[in-house]
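Residue numbers (this note's numbering), protein chains in the order written: chain A, 1386 to 1696; chain B, 1386 to 1696; chain C, 1386 to 1696; chain D, 1386 to 1696.
Simulated from the structure, these hints should not be mistaken for lab results.
All figures in this text were calculated on a predicted structure; none of them were measured in a lab.
A few of these clues could be false.
No distinction is drawn between identical chains; accordingly, a pair holds when it is met within one copy or between any pair of copies.
The list that follows gives simulated cross-link-like pairs (lysine-lysine, DSS-like), each with its CA atoms no further than 30 Å apart [stated by the list, open to error]:
{"hint": "1", "residue 1": "K1519", "residue 2": "K1509"}
{"hint": "2", "residue 1": "K1570", "residue 2": "K1521"}
{"hint": "3", "residue 1": "K1519", "residue 2": "K1570"}
{"hint": "4", "residue 1": "K1521", "residue 2": "K1509"}
There are 4 protein chains.
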Amino acid sequence: MSPELSRLGHVALEVPDLEASLRFYRDSVGLEEVEREGDTAYLRAVEEFDHHSLRLRESGSAGVDHIGWQTEDQQSIDGFAERLRDQGIDVARVEAGEERGQGEAIRFQVPHGHEFEIYHEMEKPDPPKERRSKLKNKSYISAETSSIAPLRVDHVQIWDTDAFEAAEWMQETLGLSVMEYYDQKDGSRWGTFLSASKNKIEAAVIQGESDDDCPGLHHIAFTSESAEDLFNAADTMNERGYPIDGLGQHSISRGKFLYVRDDSSGHRVEFNVRGYLVFDPNWEPIAWQEGDLDDRQWIGEIRGLDTVKYN
Amino acid sequence: MSPELSRLGHVALEVPDLEASLRFYRDSVGLEEVEREGDTAYLRAVEEFDHHSLRLRESGSAGVDHIGWQTEDQQSIDGFAERLRDQGIDVARVEAGEERGQGEAIRFQVPHGHEFEIYHEMEKPDPPKERRSKLKNKSYISAETSSIAPLRVDHVQIWDTDAFEAAEWMQETLGLSVMEYYDQKDGSRWGTFLSASKNKIEAAVIQGESDDDCPGLHHIAFTSESAEDLFNAADTMNERGYPIDGLGQHSISRGKFLYVRDDSSGHRVEFNVRGYLVFDPNWEPIAWQEGDLDDRQWIGEIRGLDTVKYN
Amino acid sequence: MSPELSRLGHVALEVPDLEASLRFYRDSVGLEEVEREGDTAYLRAVEEFDHHSLRLRESGSAGVDHIGWQTEDQQSIDGFAERLRDQGIDVARVEAGEERGQGEAIRFQVPHGHEFEIYHEMEKPDPPKERRSKLKNKSYISAETSSIAPLRVDHVQIWDTDAFEAAEWMQETLGLSVMEYYDQKDGSRWGTFLSASKNKIEAAVIQGESDDDCPGLHHIAFTSESAEDLFNAADTMNERGYPIDGLGQHSISRGKFLYVRDDSSGHRVEFNVRGYLVFDPNWEPIAWQEGDLDDRQWIGEIRGLDTVKYN
Amino acid sequence: MSPELSRLGHVALEVPDLEASLRFYRDSVGLEEVEREGDTAYLRAVEEFDHHSLRLRESGSAGVDHIGWQTEDQQSIDGFAERLRDQGIDVARVEAGEERGQGEAIRFQVPHGHEFEIYHEMEKPDPPKERRSKLKNKSYISAETSSIAPLRVDHVQIWDTDAFEAAEWMQETLGLSVMEYYDQKDGSRWGTFLSASKNKIEAAVIQGESDDDCPGLHHIAFTSESAEDLFNAADTMNERGYPIDGLGQHSISRGKFLYVRDDSSGHRVEFNVRGYLVFDPNWEPIAWQEGDLDDRQWIGEIRGLDTVKYN
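Please put together the full structure from these sequences, using the hints given.
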């Protein structure tokens, strides 16, 4: 049987000042710190049961360590490893527990330079009793964290100097589905929007301008509940002095967004509200041509057109 | 390979007065009428591309004709047919187009009396030009329909005098996943919450009291965007004189709800907001015991504890 | 010139366990504690500049000490005192600072037993620097308090065995405007909805059944921003074990509501969202007759039909 | 007694194509057309009882005819007339009914060129039966109009080459209260935010660059209920091809906004959500200095920095 991914699972980032970044991700964004081990912190969102959806490690400079994808089953790990080696890609084994809470995994660099991890098992530690939600279908009491705490990891946006090929590789080798894509007037692909789950996007692969930003990570998105939450999050970030890089709604994916930045590391977070789900077994990728959207590729504002690169 | 369902697709209802029911479902709830053929109308929601998620047929009395499940692929239809016949269940073939827009299908009565249909193909007709959304990832201009138009079909709630066995059958024979269940103090199962997709529920199977209501359909839920929409929908229904059967939030599934009723037929609609998604490949069903939720199985109000039965 | 009230200013409550009540009002509802003096705590909401909108004092049992109305100017205090004495009502002088932050005031019992205070001056202390909003038109950083923190005091609901006369007295003697009223089929008045400001209600005067609940205070309402906030507040209260006494929308005033209760004292709080404003100089009171609203005097649920009486 | 204004009442605009503008204001924004008389249409919002808050008249070119302020009582009209004449300002009498639904009024040009009207009486026509809300405290069934219909007129933003003097004149002669103001580093006033009612703004007087835009009207704001509504309104405008000139939240006034434009006339509408109310009798104007807000005078986007001038 073919190996299969089930979803985007987590992202591992490097930050120059762990305490400063925890003030952002934990105290302001509202992720929960599940475990700390030396210079590494593991966080998850209030609705998540898995050990972490974000790993932060203190390092000399900001960077992206890897983007983690969870497989449908254990044997898919070997299946992907074999498929990657057939392409001549170096596949590194990661022992169970090397990344805390996680079973055995593989790491590799995709042809265009993005660093991915593939794993299946992830512990589901119970929150501390005083923060455990009474609702069994949710991990944490939202009211005990930041008032703007998002629910779960939603997607990543990555930039590549050849976004078309990178996305095609992810589709063919990793089996991600293309939900939407956007082509420019010269026929080149500006962006491909892929997903391993039924979420409208788990990886947006965007055409970057230069090696300065590619391959790189533009942002990690977490799911928020409502448009009100976006304004509340903007208010919180503004009060605490974190830069706001945009507020509005994308036409592609229909997600409403707020972009904010951890100024100590430069990593960007999107609070993302809704968009659609693809339960349709006969979904045809939505094909946009430049001009289709006039000047409405989004409403509102986006600024901050740069990425953090892989270390 | 095992046959596989991908999602709850549509529900076919019988109503005593088609025009009256269209005033409810189309003009008030805000579903779009895609096609009319004699005494039968086909409707879908503003985000849906498939031909219909609701079929209404005028009949002597209100009833439920069938609940339709879409398969992951074409061959799954035969796979399920074989599995059902192995259990001694009568399987009726439905020719392509017999239900408008739909490919070939099978219909059958599950052991506890619910009438199900299994199909794979469904046409995706384009909306009339003046109602077609500019956004290619959405069918209709929301503003051209009712102001409270929901996005897509979300789930059904069905009642059974043996809810445990009915749910177990759906799990074992149809391959639905159990997301949550709720057991009473005497050990009996009050409700099982199943899904073919990654939605938190597609079929809630609830223990009914008597044959008067079992097997029967309590409501069809459609997805709305926000809590504000629930209040707007309540306002609309109140202005138009349709009965409101509840407003609040379920603890199970965490969906926020508004229940309203088509008074001409007695069929009930839920406007449902959010709840969670299950992209986790290692999801363990959430097990509730009576008492876990104290008196908070929901907040707010639910009334209207009856169903419409299958004809 | 006639003395004039400008708004409902604050409510002074007695509670059997101050720390327990602070866990409710401050830590859960999200009011800010401005000052503590012995067994008395002063609180205000995140948008309020005045010293307090709620005073809590530990006492042998739960009770209401007084409801405070702020005048348009300083001389209105004497104007009202004179008017009250002309009616034979005992008027007690309250020295400046006796109630912390407040200038000189008068207190009195209205003919039907409610205890009112009238004052004009109230200090506007700045919040501690680390909680001071960067927005000069708001006091506190919302994100530093409870995630469901309401914005300002909205109204009180008081019960009286002769609600008609009590409301008429408040209109004639205190100059409150009648925004709406509701008459029963027998011609008796069930409720009068009055305001000194332009808010849709500042005092709802409701017909009570017996001296057990009259004269008494059913709830204090604070203003929340959105329907989402009501569900968030319900979630917070549910997690922390505070009783929820209703969720829905009133037809009178059109305010959306969540009722919750401080179980240590029995005092009830309403989170209230919107409703209308009366800037119209020619507003005619909205006159409801029993039956006008069918069964829709509100949608959703209200329970908890009792009050806390004046001490 | 001093003459007194109670609120901003209506705005009278000139438009080159009445039918095109009605498609915008009535069919898309969701105002109700109350009356048509020749080339003039009168509109109001779903919560308003007064005859109109917007008058549209077809004219050779787009322009602003006048901004209408309602007085607290009838005699204030003469009071203001006298005060204006004492300043040497020409005061024109408008007969009752000359502007439909309105009692007698005066019109005049303020020293800086804005055209104002002052009136007291305005009819309160009942909506047609099929559009009359069951809720007596509201005029129209929201669901019968556009799905994004705002509730009431909120404020106007006007530009002046001497915004300080224009605002000071409005404060001193018309008795408007200053809620906030914003001073630039060179000491000049960029904007003054005034109100006759208790709303956070009824007239924002902004420093314009040149006579090309001054004196002129930048936008009329109508009140919407929630942040969700702003996104819904943006969606509607996008679908119908109307230009969107911004989405976000102001720091001054704290109102959330969406700016859209009637492309046939160039007139701009703001959908405005919340902000605060000033019931405090001792409110001190909020004084902003350039730099206080860093780059956060608003979050989100504003474009479209031009006005429509008075004809």
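Okay, the hints, checked on the actual structure:
1. K1519 <-> K1509: Classified as within; 17 Å inside a copy, 39 Å across copies.
2. K1570 <-> K1521: between (50 Å within a copy, 18 Å between copies)
3. K1519 <-> K1570: between (53 Å within a copy, 19 Å between copies)
4. K1521 <-> K1509: So K1521 and K1509 pass the 30 Å test inside one copy only (13 Å; across, 38 Å).
In the structure shown, no violation is registered for any of the earlier numbered hints.
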